[in-house]
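*Asks:* In case you want the letters, here they are:
Protein chains: 2
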Amino acid sequence: MSLTIKLHISNYPNFQTFSPKNPSKILPNYIYQTNPLLKTLKFTSSSSMATSPLSKTAIKSSLIDPDGGFLVDLIVPETERVLKTKEAEKLPAIRLTTIDLEWVHVLSEGWSSPLKGFMRENEYLQSLHFNSVRLNDGSFVNMSLPIVLAIDDLTKDQIGSSLHVSLVGPNGDFVAILRSVEIYKHNKEERIARTWGTTAHGLPYVEEVITPAGNWLIGGDLEVLKPIKYNDGLDHYRLSPNELRKEFDKREADAVFAFQLRNPVHNGHALLMNDTRRRLLEMGYKNPILLLHPLGGFTKADDVPLDVRMEQHSKVLEDGVLDPETTVVAIFPSPMHYAGPTEVQWHAKARINAGANFYIVGRDPAGMGHPTEKRDLYDPDHGKKVLSMAPGLEKLNILPFRVAAYDTVAKQMSFFDPSRAKDFLFISGTKMRAYARSGENPPDGFMCPGGWKVLVNYYASQQEEEAKQPATVSA
Amino acid sequence: MSLTIKLHISNYPNFQTFSPKNPSKILPNYIYQTNPLLKTLKFTSSSSMATSPLSKTAIKSSLIDPDGGFLVDLIVPETERVLKTKEAEKLPAIRLTTIDLEWVHVLSEGWSSPLKGFMRENEYLQSLHFNSVRLNDGSFVNMSLPIVLAIDDLTKDQIGSSLHVSLVGPNGDFVAILRSVEIYKHNKEERIARTWGTTAHGLPYVEEVITPAGNWLIGGDLEVLKPIKYNDGLDHYRLSPNELRKEFDKREADAVFAFQLRNPVHNGHALLMNDTRRRLLEMGYKNPILLLHPLGGFTKADDVPLDVRMEQHSKVLEDGVLDPETTVVAIFPSPMHYAGPTEVQWHAKARINAGANFYIVGRDPAGMGHPTEKRDLYDPDHGKKVLSMAPGLEKLNILPFRVAAYDTVAKQMSFFDPSRAKDFLFISGTKMRAYARSGENPPDGFMCPGGWKVLVNYYASQQEEEAKQPATVSA
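In order, the protein sequence lines correspond to chains B and V. In terms of UniProt numbering, the first sequence has 249 at position 249, counting the first letter as 1, and numbering is strictly consecutive. In terms of UniProt numbering, the second sequence has 350 at position 350, counting the first letter as 1, and numbering is strictly consecutive.
None of these hints come from the bench; they were simulated from the model. You can trust all of the hints, since none of them are fake.
Computed beta-carbon distance windows for the label pairs: (1) B/G202 / V/S428: 36 to 44 Å; (2) V/D73 / B/S180: 47 to 55 Å; (3) B/S139 / V/P92: 40 to 48 Å; (4) V/D249 / B/G160: 53 to 61 Å; (5) B/I99 / V/K188: 28 to 36 Å.
With a cut-off of at most 16 Å between alpha-carbon atoms, the simulated EDC-like pairs for lysine to aspartate or glutamate come out as follows: (6) B/K374 / V/E189; (7) V/K188 / B/E373; (8) B/K188 / V/D376; (9) B/K226 / B/E87; (10) V/K185 / B/D376; (11) B/K185 / V/D376; (12) B/K226 / B/E89; (13) B/K188 / V/E373; (14) V/K185 / B/D381; (15) B/K185 / V/D381; (16) V/K229 / V/D173; (17) V/K116 / V/E182; (18) B/K185 / V/D379; (19) V/K226 / V/E78; (20) V/K374 / B/E189; (21) V/K246 / V/D73; (22) B/K395 / V/D137; (23) V/K188 / B/D376; (24) V/K226 / V/E89; (25) B/K453 / B/E311.
Ideal Cβ positions, reconstructed from N, Cα and C, are used throughout, including at glycine.
Use the sequences and the hints to build the structure in full.
*Replies:* The following block contains the structure:
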């Protein structure tokens, strides 16, 4: 499970020990050492950055180029909206699930640039077999998760030989047109095996999305009729990659480091984020900005819901654990696969498109327990290893990190010190939730009080809700 | 099952219709059209070839460069053999299975160049996730199958912290030293799921090799004490990549097209190989050589054994179905995975190292029936699609081909003509084996008489063998 505080960097000792004075010389070397297989420098592709990270004049919205060279924007211009909506009404229609709509959102704003719509078979096969897609110039962009739309036999029949189809949201609104469609087989077993490395029953995304889905996939170019909104009071957090890039420019960031999470922020996370900032300053960057980037799409039932997490994140900033001046909090609209080393590549790739040139990766990213065996589904170190070798992520600086744990002597979260192992307490996500559920306090210094209160209140309200439900009689 | 004669090229119409006069202009265009995703030219990397395929002076052993730039040769020089064998005797030993030894053979001769031994974890993870491995210069070589050595807990304990280990063959001989070893977990479920796209029980290589194997993998640099020999009367067919390259040079080949097979050659195969040669001549090549390259390692129980196949192939050449002047018959020593689109990449990549710059791919390469469901395990078209998009195979010319079937009017194998579909008969591998087993003749023109007789004799001797066995009583 992933609200873990075992942050790991032991394989990458250089991150902890070097103290460079001349960043333009040191950074490439450091980066190379995190990734012994890559002799290519993992450094921003912007040449002005590479030669002079210190110069204010070098700052651009392109700290890092979007995959494919430009940000894909699939939202129809307002002037064409009425006309295209009328066209959509006349086309064979596909009814989207809530999670399909999350993918339309992801695609529409260019998180998955250079994808211009749901994958056709060539893209799907490359994603499944190579975790990357080849561009026309022969280079690769990373693309580790299939971004696909499933349809059933009936819908396939209704589409017939129509070149274009319309996509209708769960509430009946026309959402998009999918153009020049291609329909191909949805071999669920193969998709699941190659994406998760297991076909065991109980994978949340599989149970929720793939198993109930149709036996066909439909790809095509997407034209989204208007921006996707959720009207849940959190839309102001949903900044598009383009808006994020503008925000980083406005703040005059000379480095952006992204932190992906789907759990409440505890002081172990904060230690790591603040430590990363300190090290970037040591490297010579003048204004590194943190992108605190909680995932906003589908999560499994026992994860903390998005609204509670956003409130918790606010408190972490209010309580001064993270500095609002140097932190951008925004929602990453993707659904969660819990596909470990395969998914962490998607998490990193999408942040390239949002303008982050540094990506923090910890223990067992996007991992969970094996659904049927008593073990982690993935080797906890594979995520960072796979990420550091993944095709198409060369321009991103991967920052793997070491284990943090609760230091019972210092009474705070600290990087684990093996020479006094007995002083450290590892608090798992399960344990943290148990604390919050029981109303018991975790050790002092585990999480800021304001943030902790949000969790306690959430679990208390949950228990009240449960108490109100009629008791179910077990058979 | 794969002794199929459904050869397919419908997605690649250009191969059937063009008739170029100026090969240096036409070939790149043709090749590009077989692979719409690759704008890079799929042409030999030798610049003299690219500008003048017609010039005899341009012919080199490097029609195509080995992966990584040079052929790996892991066999210890004879002068060092005694010394290294003595060293091996003192090291902790790993006992190899027959199939492990086949992989030592494959590695030792450079079929898997630039691999220098069994994969360490970084190579294993890249193979599993990306079907390719990144070189120091940032480029990729294809590497779709994990080439790994498994050990059990006891062997791991015996190795302890030893830096080097020795490998001992099934008959007790010291075979090799594995240097600077790295031991890591063998997550069988994940390996199987990502390699085969299924975890269904009954995959031949899984049952035979992976399930009984230990829970650890050991990687390292291999030093093979002497060339691997089988003493089965077929060693003269086992030409190394280096020997094959020399043979192509000797014959002054200006193109080499490889045909991978693990089944008897019927006239549908022959039609295709002869047609390929004709087309290469049309393109302007003066001396295209066919590498008829049966797989010699592990195959599943109901495949025709290697010695029978080699005898059958000889008859096909004797009977004049293929021209001995322009054909090299050799054994490819790899074991068979039956892993479809994943494995066909290995089959192609290994032939790059052997000097082939054209690779023929048909319907459902390396495929088989799903072990537990009534369907093909893989989409029959995925093999050629995945192959044509695979990272690291850009320099290889992929030749996908169309369906051939028995033409009941012409009484011969012909390319399928949909306008008179009813005239064609598809003879599956299962059906062919049933003919041979019953002693019944297949339709005239299906296979040359000499080749057919080899099969009939084999199945007759099988039945005699079976008749000699004591009857088993079913429970």
